[in-house]
Amino acid sequence: QVQLVESGGGLVQAGRSLTLTCAASGGRFSLNAMAWYRQAPGNQRELVARIGRTGNTDYADSVKGRFTISRDNAKNTVYLQMNSLKSEDTAVYYCNAYDIKGRSYWGQGTQVTVSS
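In the working numbering, the protein residues as written are 2 to 117.
Careful, some of the hints might be misleading.
Subject to a maximum C-alpha distance of 25 Å in a straight line, what follows is the list of computed DMTMM-like cross-link-like pairs (lysine to aspartate or glutamate) [unchecked claim]:
{"hint": "1", "residue 1": "76", "residue 2": "100"}
{"hint": "2", "residue 1": "102", "residue 2": "62"}
{"hint": "3", "residue 1": "87", "residue 2": "47"}
{"hint": "4", "residue 1": "87", "residue 2": "59"}
{"hint": "5", "residue 1": "102", "residue 2": "73"}
{"hint": "6", "residue 1": "102", "residue 2": "47"}
{"hint": "7", "residue 1": "76", "residue 2": "59"}
{"hint": "8", "residue 1": "87", "residue 2": "62"}
I should point out that these hints are in silico values taken from the structure, not numbers from a laboratory.
Let's have the full structure, built from the sequences with the hints guiding it.
As structure tokens, then:
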């Protein structure tokens with residue numbers, strides 16, 4: 002069973018930066034795609050950014066040019082560098098990962114609050 006633990010969330014002023022980290026542990030199989038999702042109050046969970054094992058990336062239009070996803074396969078860790086944060090980025094951010102058997106795992110979430 003894979004455990005995902007997010008860290009790095011918090012309160013930040015608009016225009017500033019924050020980096021989220023998600024560390025994976027456990028499981029018998031290598032991780033394939035890893036991603037960050039977010040969910041604001043009253044909204045559905047949405048994809049923020051995704052990265053394949055070889056580094057190919059995909060971003061939501063709302064964060065393109067501001068957020069960067071990266072991963073360290075040796076550490077089973079995925080990062081989300083968030084720059085030029087806006088109040089609308091306020092949400093709980095969740096880490097997601099698929100192993101090579103196609104099973105999906107979720108972290109517990111970390112709150113990001115951007116004050117204007």
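Here is how each hint holds up against the structure:
| no. | hint | result |
| --- | --- | --- |
| 1 | 76 - 100 | holds, 15 Å |
| 2 | 102 - 62 | violated, 29 Å |
| 3 | 87 - 47 | holds, 16 Å |
| 4 | 87 - 59 | holds, 20 Å |
| 5 | 102 - 73 | holds, 20 Å |
| 6 | 102 - 47 | holds, 23 Å |
| 7 | 76 - 59 | holds, 21 Å |
| 8 | 87 - 62 | holds, 14 Å |
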